[in-house]
Structure formats: C-alpha cells, structure tokens
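Those protein sequence lines, which keep their order, are chains A and B.
Under the working numbering, the residue at position 105 of the first sequence is numbered 105, and the numbers go up by one with no gaps.
Under the working numbering, the residue at position 198 of the second sequence is numbered 198, and the numbers go up by one with no gaps.
Treat the hints with care, as some may be off.
When chains are identical, the list treats them as one kind, so a pair holds in a single copy or across two.
Here are the simulated SDA-like cross-link-like pairs (lysine to any residue), alpha carbons at most 25 Å apart as the crow flies [said to hold, decoys possible]:
hint : residue 1 : residue 2
1    : Lys240    : Ala151
2    : Lys46     : Ser93
3    : Lys240    : Val38
4    : Lys200    : Glu26
5    : Lys240    : Pro154
6    : Lys42     : Leu64
7    : Lys46     : Asp167
8    : Lys240    : Ala280
9    : Lys46     : Gly202
10   : Lys200    : Ser150
11   : Lys240    : Leu196
Bear in mind the hints are in silico, worked out from the structure with no lab data behind them.
Number of protein chains: 2
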Amino acid sequence: MPTAAIIGGGVIGSAWASRFLLNGWEVRFHDPAPNSDVVLNKVLDKARRWVPEVYDQLPPEGALTLCESIADAVTGADWVQESTPERLEIKQSVLAEIQASCAADAIVASSTSGFMPSELQAGSERPEQILVAHPYNPVYLLPIVEVVPSAVVPEETVQRAEALLSDIGMRPITLRAEIPAHVGDRLLEAVWREALWLIKDGVATTEQIDDLMTHGFGLRWAQKGLFETYRTAGGEAGMKHFLEQFGPCLQWPWTKLTDVSDLDDALINRIVEQSDEQAAGRSVSELEEERDANLVAMLKALRQEDTAAGAFLNRLGTSSG
Amino acid sequence: MPTAAIIGGGVIGSAWASRFLLNGWEVRFHDPAPNSDVVLNKVLDKARRWVPEVYDQLPPEGALTLCESIADAVTGADWVQESTPERLEIKQSVLAEIQASCAADAIVASSTSGFMPSELQAGSERPEQILVAHPYNPVYLLPIVEVVPSAVVPEETVQRAEALLSDIGMRPITLRAEIPAHVGDRLLEAVWREALWLIKDGVATTEQIDDLMTHGFGLRWAQKGLFETYRTAGGEAGMKHFLEQFGPCLQWPWTKLTDVSDLDDALINRIVEQSDEQAAGRSVSELEEERDANLVAMLKALRQEDTAAGAFLNRLGTSSG
Numbered sequence: 001m002p003t004a005a006i007i008g009g010g011v012i013g014s015a016w017a018s019r020f021l022l023n024g025w026e027v028r029f030h031d032p033a034p035n036s037d038v039v040l041n042k043v044l045d046k047a048r049r050w051v052p053e054v055y056d057q058l059p060p061e062g063a064l065t066l067c068e069s070i071a072d073a074v075t076g077a078d079w080v081q082e083s084t085p086e087r088l089e090i091k092q093s094v095l096a097e098i099q100a101s102c103a104a105d106a107i108v109a110s111s112t113s114g115f116m117p118s119e120l121q122a123g124s125e126r127p128e129q130i131l132v133a134h135p136y137n138p139v140y141l142l143p144i145v146e147v148v149p150s151a152v153v154p155e156e157t158v159q160r161a162e163a164l165l166s167d168i169g170m171r172p173i174t175l176r177a178e179i180p181a182h183v184g185d186r187l188l189e190a191v192w193r194e195a196l197w198l199i200k201d202g203v204a205t206t207e208q209i210d211d212l213m214t215h216g217f218g219l220r221w222a223q224k225g226l227f228e229t230y231r232t233a234g235g236e237a238g239m240k241h242f243l244e245q246f247g248p249c250l251q252w253p254w255t256k257l258t259d260v261s262d263l264d265d266a267l268i269n270r271i272v273e274q275s276d277e278q279a280a281g282r283s284v285s286e287l288e289e290e291r292d293a294n295l296v297a298m299l300k301a302l303r304q305e306d307t308a309a310g311a312f313l314n315r316l317g318t319s320s321g
Numbered sequence: 001m002p003t004a005a006i007i008g009g010g011v012i013g014s015a016w017a018s019r020f021l022l023n024g025w026e027v028r029f030h031d032p033a034p035n036s037d038v039v040l041n042k043v044l045d046k047a048r049r050w051v052p053e054v055y056d057q058l059p060p061e062g063a064l065t066l067c068e069s070i071a072d073a074v075t076g077a078d079w080v081q082e083s084t085p086e087r088l089e090i091k092q093s094v095l096a097e098i099q100a101s102c103a104a105d106a107i108v109a110s111s112t113s114g115f116m117p118s119e120l121q122a123g124s125e126r127p128e129q130i131l132v133a134h135p136y137n138p139v140y141l142l143p144i145v146e147v148v149p150s151a152v153v154p155e156e157t158v159q160r161a162e163a164l165l166s167d168i169g170m171r172p173i174t175l176r177a178e179i180p181a182h183v184g185d186r187l188l189e190a191v192w193r194e195a196l197w198l199i200k201d202g203v204a205t206t207e208q209i210d211d212l213m214t215h216g217f218g219l220r221w222a223q224k225g226l227f228e229t230y231r232t233a234g235g236e237a238g239m240k241h242f243l244e245q246f247g248p249c250l251q252w253p254w255t256k257l258t259d260v261s262d263l264d265d266a267l268i269n270r271i272v273e274q275s276d277e278q279a280a281g282r283s284v285s286e287l288e289e290e291r292d293a294n295l296v297a298m299l300k301a302l303r304q305e306d307t308a309a310g311a312f313l314n315r316l317g318t319s320s321g
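In isolation and in its complexed conformation, chain A is listed as follows (with noise of 0.2 Å):
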C-alpha cells in the first residue's frame, strides 16, 4: 500500500487525508491541535457520503493511523503533503522538520495557496524533492490541482506526483514557471476585486453577483472554460477573428483594473496557437454539441436536487408547463 503523510490538518489537510484514504492509500496524520482530529472525522464522513456517489468503483479504504510527531508521521511516506498556516517561516520550518525524517525520494508536497516553490525550498538541504501542490476546496471532490516545481526539482519528480496525484483521482495542472499565487487564485482574485468594486459602488449584490454565475457564466466554466467558451462563441470565423474584435474593448472603461497587456499580434497567434491545439480538430459545431450535451446533463441533474438551484429549476420546469 502506498503510504501518504498529512502534515497540518484543518479542512485541506482533512480532505487531502480523505482524499487518499478513500483512493486506497494508507494515512498518517499529523497536526499539533489538540481538537485536530474532530475536523478530520467531521470532513471523512462528508467524503465517504459523497464520493462513492461520484465513482461506482473504489478500493477498499486505506488504514489511518493518528502520530504524536512529524518524524512519526513521514517516516516511510511516499508522499507528505504539508497543509499548515499560510505563513513562509512556518512552512520553511515544518518543512525542513518533514526532511529531517522523510525519505529522500519521497515527495514532499505544499497546499500553499500563495509561496512560489523556490520561496519554501529556501535554506533546504534536498529542495529537488519539494514542490507545490495547491487544491481547490473541497479536496475530496474537486479534481483539479495546481503542481509547480521550481527549476531545481527533476522532471522525473514531476512526472511522479503526477501520475500519484492521478491515482487519487485528481487532474494535476503543471506550471512551468513560478508566480505568487499560482494561477487559479490569481483569475479568483481578479473576479474578486472587481466584485468588490460593484459591491461597493452601488451596481449589485452578493446575491445578484452569486446569480450570474449560478445561472449564468458559472454553468458555462463548469464545462468549458474560458477561452473554450469564446472560442466557441465566436463561430466559424474562429479564434483570431473573435480575439481581433475583442481586443479594443480592453481599451474600453469596463472594469476598474487598468494595468492591461496589450492584445498585440503576438499575444493573438500565442492564444490562437494554444486553442488550436487544445481543439485537437473538433468544429465549432462539435464543440457546441459538447456544451449543450454538458449544460443539459448539469441542468437536470440540478434539478433533481433538493437544493435552493435544484427547486428553482424545478420551478422553472413547472411555470415553462
């Protein structure tokens, strides 16, 4: 059995536990809280209720066991996966206290949400074998993840959290180059400051702000995202041709963030290029039949659900009739 150690509880560290205990991996479970195991039971019964609602198949649940120490819990992992307080002194120093004990080809992971990995490989002994791997809450559902080595840690390295983070069922995101934040935090933040800039102003509410997106553009990025989206959006003309009329509305006064990249012919052909790619010969019109068959599948399923969407859906059902 393939072992995982979980450094810093809380609700990512539980969920990472969960995570890899429901995928069949042993857990070793570390946090110094006196009350740390509470959150991780209340966040293991979520997990055990909902996942195997999503995957028919699961192995049989991994063994957990509870550790005093750090050195207890990574002492023969083959992952560590440290989930502790956004502070850079903190994880330097948990860090290098996980090295101390760990394995040297284990994989020593961060749920760091804003530090580069050069930034927590800072004063190591082994910085090859950390690297970042930030989640999306909640872990236990939510398969993406965010994988950023730094120059110094070996391809073969990430090739290997990889194909484990795969194991457990997530989709790992690899970025090629180190930015505070990564990037999913970074497009949050964004919608967030100009969020905060209509909410202050006047313009709308969190609630109008939560419906846009629970019934509008939140239901397109579930199941095409944002360049997928336009691209569709802009028919059989194709990518360049929508990026060409877009591009002097980033001149245009629409939001209150105004230190803008120019949309230049080099920037065009690199997206251009990039969704080409990512289309892998599909039409516009097959793209458009995945959106629909997607919105429709995500539609009904919300429906059948009895939540606040769900009954407005239903609603919406019953007044179409």
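With chain A fixed as given, assemble chain B onto it according to the hints.
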C-alpha cells in the same frame, strides 16, 4: 398568445426567438441579412433538441413569422428584443424605427453587452419603455438575464419585464445602477485580462486555464457563486472573519491589475450584511451540504455524457476502481 418581436438575428437574436417560441410565444422575426433565416433555423433546431431535455413540460411551440420590415415585426408586439451590432448609432437608429411602430406599452429591450440604457434612450420620445435585457450565450439554455432600467423607466415596467422574462424560463437580475458592460461582463473581463497576462508571461496555457475552471472553480461557481463559496469556506467563524483575513491579500502582488478598492470596515459590513441576507438563516453546514449535493449531481451527470469532460471523469472512475 403573447407576441415577441426579434429585431436582429445572429446567434443572440435567433436564440431569443427560439426561447420565446419554445415557451409558447408567437415570434415575429426581422433581420435585413439575406441568410438570417439559416442561422435562425440552425439555432432553433438546437433549442428544439435540447430545451425539452431540461424541461419536461413545455407548452405547444408558438408560431414563427419572418417579417420584411421592423414595422411589420413590432406592430402589436408585447416584447421587442433588439440584438443588432454593438454600435450605438445603429442601436439608436433601430430603436427609433421600432418605436415609430410599436405600442407605447410594449417593452423594448436591448441585448447590448456594453451600452447603458440612458445611452440607448438618448433622443427617444418614449425613453421610458426602453431598457437593457442582456442575456448569456446559449440564450435558449442559460437562464440568466441582466435587466437594466434607467431612472426614467417606471417600476411597473421593470416588474412587468421581470415577469415576462420569468415566463420564458429566465432568471432576471435587475441592476439598480447603470454602468458600462453591466455586471457579468465586467467580471468576465477581469478574468480575461488576468488570463491574458498569464498567457503572455508564459505561466499557463489556454488549456490549463480552461482545465482549472472545468475541473475546479467552474464547478464551484455553477452551483455556488463567488460569495457563497467564500462564505462556506470561511466556516463557522463567519463571513466577517473570512473577509478580515482576506483583506490584506489585496495588497499582495497577485494580479497585474492594481487599482484596488479598499476593503475597509464599511465595505466589509456591507458584504457581511448582504451575505447574511442571502444565506437566509442557513448554517454553514447546510451550505456545505447543498454544495456537495450539487457537485455530486453535476459530476455524475458529466460522467454520463460522451464528451471530453465525461470521458475524463469516466477514466477517473475506472482508475479509482
């Protein structure tokens, strides 16, 4: 039978026509382009295929009439939807032609994504019947629509517009302040700008950014918005505690977009208040339960679809078994 006049076809106007028709309205359609009916029929075919999958009970489809002139289309219509190109002089000219023939108590709505209603109303003899009703693509499936009246539009007209939009299965969000690009597109624009930087700087590809959405925060935002997600993440300590922790991050160099609203006490309190109202007494545990149920429902639904996302999730299911 209520009647809608659709002025301007294309993807948006054609999808408006489809939504009205499938919800039992009579539709009169006008677009001067010679092949506008080709686009219309293509979109209508999609709507006829997908909308009944979501809504079990639909009324008999309404009658569609292609009209040679704006006057023919709008005479006697209850609702006029203008979806012409995004140029103010075109829209003002078309709106004048619409108002020359439509009833004084018809609602004249514009699909504009950028212009404010007072801009559209400028020079009109009956500005009080013009408002913005900005939908999101695909209009026949996504329920959201931003309704933006200006100060001269009577409250009764706004309420009638909301009722009619609800009648065709939409979720109207009425904005009480005019602002260029309304709300949703400003949020999209903020993400878009940051995404452009990330691509320009070589940090991520279009596919990686899309994957972060489709396997990560897009799934969150499809069933909880920005604020309810953060409210849930904040846990029992509450939204205020969460915001106070979040505040300092706005000073960090996370985005390239630097003109930032101060997250001062007044703004914190406003958000807390709106978020409390939105939660309507539901505890964080209840919000978590809704979130998990929704995510499970969507993930299950996506797995069953023969799409890239579905295939990936199926693979996950298999590899976990």
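Tested hints:
1. Lys240 / Ala151: The answer is neither: 33 Å in one copy and 39 Å across copies each exceed 25 Å.
2. Lys46 / Ser93: neither (31 Å within a copy, 58 Å between copies)
3. Lys240 / Val38: Cα proximity of Lys240 and Val38: across copies only (24 Å, versus 53 Å in one copy).
4. Lys200 / Glu26: neither (48 Å within a copy, 42 Å between copies)
5. Lys240 / Pro154: neither (36 Å within a copy, 43 Å between copies)
6. Lys42 / Leu64: within (14 Å within a copy, 56 Å between copies)
7. Lys46 / Asp167: The answer is within: 21 Å in one copy meets 25 Å, while 38 Å across copies does not.
8. Lys240 / Ala280: So Lys240 and Ala280 pass the 25 Å test inside one copy only (16 Å; across, 46 Å).
9. Lys46 / Gly202: neither (37 Å within a copy, 38 Å between copies)
10. Lys200 / Ser150: between (39 Å within a copy, 20 Å between copies)
11. Lys240 / Leu196: Intra 32 Å, inter 14 Å, cutoff 25 Å: inter-copy only.
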